[in-house]
Amino acid sequence: MEPGLLQKRHGQIGPEGAIMPDSCPAFLRWCALPLAAGVLLAACAGDRGERAATTPTADASATRPTAPEAATDTAAGDSSPGQPQSPVTLVQVRVTGGQVQTSSQRVDVALDTTVRLEVVADVADDVHVHGYERHAPVRPGQPAVVSFSADIPGVFEVELEQAGLRLVELRVQ
Amino acid sequence: MTVLAHGLGGRSDLPVPLWLALYGGAAAVVVSFVALGALWPTPRLAARAGGKVLPTPLQRLADARTTRAALRAVGVAAWAVLLGTAVLGDQSAANNPAATWLYVWLWVGLVPVSLLLGPVWRAASPLRTLTTGIERLVGDPHGLGTAPLPPRLSYWPAAAGLAVFVWLELVYPHAARPFTVALFVVVYTLVHLAAAARFGQAWYRRGESFEVYATLLAHLSPLGRRPDGRLALRNPLAGLATIEADASLVAVICVLLGSTVFDGLTRTTLWEGLIARQGAGALLLAGTAGLAAAVGLVAATYAAATWLAGRVTGASTSAWPLTRRFAHSLVPIAVGYTVAHYFSLFVFQGQAGYILASDPLARGWDLFGTAGWQIDYRLVSPQTIALVQVAAIVLGHVAGVVAAHDRAVTLFAGRDQNRSQYPLLAAMVAYTIAGIALLVGV
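So the sequence lines, in the order shown, correspond to chains A and B.
Per the numbering used here, the very first residue in the first sequence carries number 1; after that it's consecutive.
Per the numbering used here, the very first residue in the second sequence carries number 1; after that it's consecutive.
If you're looking for bench data, these hints aren't it; they were derived computationally from the structure.
All of these numbers come straight from a predicted model, not from anything done at the bench.
Glycine is no exception: its CB is placed at the ideal position from the N, C-alpha and C atoms.
Check before you lean on any hint, since a few could be wrong.
Listed below are several chain A residues computed to face chain B (Cβ distance under 10 Å; list not exhaustive) [stated by the list, open to error]:
{"hint": "1", "residue": "142"}
{"hint": "2", "residue": "148"}
{"hint": "3", "residue": "164"}
Beyond 10 Å from chain A on every Cβ pair, some chain B residues (computed) [to be verified]:
{"hint": "4", "residue": "14"}
{"hint": "5", "residue": "105"}
{"hint": "6", "residue": "129"}
{"hint": "7", "residue": "146"}
{"hint": "8", "residue": "152"}
{"hint": "9", "residue": "173"}
{"hint": "10", "residue": "226"}
{"hint": "11", "residue": "246"}
{"hint": "12", "residue": "361"}
{"hint": "13", "residue": "377"}
{"hint": "14", "residue": "378"}
{"hint": "15", "residue": "381"}
{"hint": "16", "residue": "382"}
{"hint": "17", "residue": "388"}
Computed Cβ-Cβ distance ranges for the label pairs, DEER-style [to be verified]:
{"hint": "18", "chain 1": "A", "residue 1": "111", "chain 2": "B", "residue 2": "358", "range": "47 to 55 Å"}
{"hint": "19", "chain 1": "A", "residue 1": "111", "chain 2": "B", "residue 2": "173", "range": "52 to 60 Å"}
{"hint": "20", "chain 1": "A", "residue 1": "111", "chain 2": "B", "residue 2": "228", "range": "28 to 36 Å"}
{"hint": "21", "chain 1": "B", "residue 1": "148", "chain 2": "A", "residue 2": "105", "range": "50 to 58 Å"}
{"hint": "22", "chain 1": "B", "residue 1": "46", "chain 2": "A", "residue 2": "104", "range": "54 to 62 Å"}
{"hint": "23", "chain 1": "B", "residue 1": "227", "chain 2": "A", "residue 2": "105", "range": "50 to 58 Å"}
{"hint": "24", "chain 1": "A", "residue 1": "120", "chain 2": "B", "residue 2": "187", "range": "39 to 47 Å"}
{"hint": "25", "chain 1": "B", "residue 1": "282", "chain 2": "A", "residue 2": "120", "range": "35 to 43 Å"}
{"hint": "26", "chain 1": "B", "residue 1": "42", "chain 2": "A", "residue 2": "105", "range": "53 to 61 Å"}
{"hint": "27", "chain 1": "B", "residue 1": "78", "chain 2": "A", "residue 2": "139", "range": "23 to 31 Å"}
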């Protein structure tokens, strides 16, 4: 792009010297309004933030430090048990008659920690963790257990693949 | 079925950080009020529509028969490969690239291509090429394609087509199935070939949804054509001001804007709570109603704002022409929403388009050596995504406000210049705050 054109464009978007003297007082007067609106917006958004912040406590899925028994947890899954310090987020889901029972529909997981997902179902199906592409078969009486390191940030759906049933959503950040 | 946005993709976005949203929202509000007081008092955009003529070699390249033929060949080839893959390929959405090609590469890809290069879709449209081919084959013995297009049809067919497409993409639970993609492509092609057989190529300019969408976006491209056909580099906002909207084009814009609002809405915990544990029928019904409500809400807000603008100025006997005169200012807002909602899908799910392309028919091929690849979800960080999302919405808002301001000073004099803008500005600020609120995740 040529410099001439760039200047011309700037001239349009930003006010040029000739216009400024008349409009400046008007502009200053308007400054009070956006400030008020900004404060209002901050108030509304702050409210939302607080509500969002309360969700993890309402969440019954426990984040616990890796105690001795947790070593068997990770060993049961396909994740390497080489990081005993990493906290484990346990997510338990029960499916009965097409109904999903979880402590929370959306579970917050800290980045680079371990997730242990346990799914008990009364049907034979596949548990699929989207994004991480983890699959595990589940059958009546044989729960699916998936352990993995949550190292991709984002929101990921866990689904009962054939039934197309959403089990839970993992929010990794 | 998965409830993921767009029926595609393994990862959704994290909520935008609150501080970023606050800055974005405040910036939008401040800019809006600056626009009222401090921007130019006389129209400036119309005078700049000509821009700066591009050098002759570039003109020749763009208009060369070879370039045009190549674009048409690429269009038809892509159409054939898409249809072939959807019909003959593996019928599981996870192994077939057809859905990614249609919903991500074509639908989302149209946006950057049209914004940067102009109305490329019109030149590459496989439907136009197929119609040309049919006309040549038939040799026009029955006056094929000569019926005049009824003016009252206007852009309504395109608006209806877009509504169907966004419903398919955002509401229909089996959107990603290769069978759905194949069915859509076949029905869409047949409908438009039939209409073009009656009305000729003129049909596509107003009737074909993708072309109307791409052309609308192309008005915001820095590349434009002068009335004499020469290519010029221009102020994108000057191109935007050349949009001549009627009620049906307003409907097209409202469908686009409403669909991204709905897409944002479906990602909120509020919506998830609403549809949680519902049956498939109820989900379909809720989705359809939600999409219709989002489009209706956008349209109603805009219509009310322009109606009010007409009332406070008292300049026009009927307020409705204002609805048409300001419609172009909604386009950059719709583009901002679109970028905000599709950016990460394009970056992440877009990769599946070339990963799966190596083995489109699930025969164990590895045509491009990409078959073993995985989607790299670390390509763009959540921080970058959040920044792009907020920046897109705020920039779209700014461009919309500037476009509306320029139109207001064109249409009105004295006090009415500012007074006419209050209602529309309020509507735009509402859109922007709503857009950012949806990104924060209610």
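Verification of the supplied hints:
no.: 1; hint: 142; in the structure: violated, 24 Å
no.: 2; hint: 148; in the structure: violated, 13 Å
no.: 3; hint: 164; in the structure: holds, 4 Å
no.: 4; hint: 14; in the structure: violated, 5 Å
no.: 5; hint: 105; in the structure: holds, 20 Å
no.: 6; hint: 129; in the structure: holds, 33 Å
no.: 7; hint: 146; in the structure: holds, 43 Å
no.: 8; hint: 152; in the structure: holds, 37 Å
no.: 9; hint: 173; in the structure: violated, 8 Å
no.: 10; hint: 226; in the structure: holds, 15 Å
no.: 11; hint: 246; in the structure: holds, 27 Å
no.: 12; hint: 361; in the structure: holds, 22 Å
no.: 13; hint: 377; in the structure: violated, 4 Å
no.: 14; hint: 378; in the structure: violated, 7 Å
no.: 15; hint: 381; in the structure: violated, 7 Å
no.: 16; hint: 382; in the structure: violated, 5 Å
no.: 17; hint: 388; in the structure: holds, 15 Å
no.: 18; hint: 111(A) with 358(B): 47 to 55 Å; in the structure: violated, 31 Å
no.: 19; hint: 111(A) with 173(B): 52 to 60 Å; in the structure: violated, 31 Å
no.: 20; hint: 111(A) with 228(B): 28 to 36 Å; in the structure: violated, 57 Å
no.: 21; hint: 148(B) with 105(A): 50 to 58 Å; in the structure: holds, 56 Å
no.: 22; hint: 46(B) with 104(A): 54 to 62 Å; in the structure: holds, 56 Å
no.: 23; hint: 227(B) with 105(A): 50 to 58 Å; in the structure: holds, 57 Å
no.: 24; hint: 120(A) with 187(B): 39 to 47 Å; in the structure: holds, 43 Å
no.: 25; hint: 282(B) with 120(A): 35 to 43 Å; in the structure: violated, 26 Å
no.: 26; hint: 42(B) with 105(A): 53 to 61 Å; in the structure: holds, 55 Å
no.: 27; hint: 78(B) with 139(A): 23 to 31 Å; in the structure: violated, 44 Å
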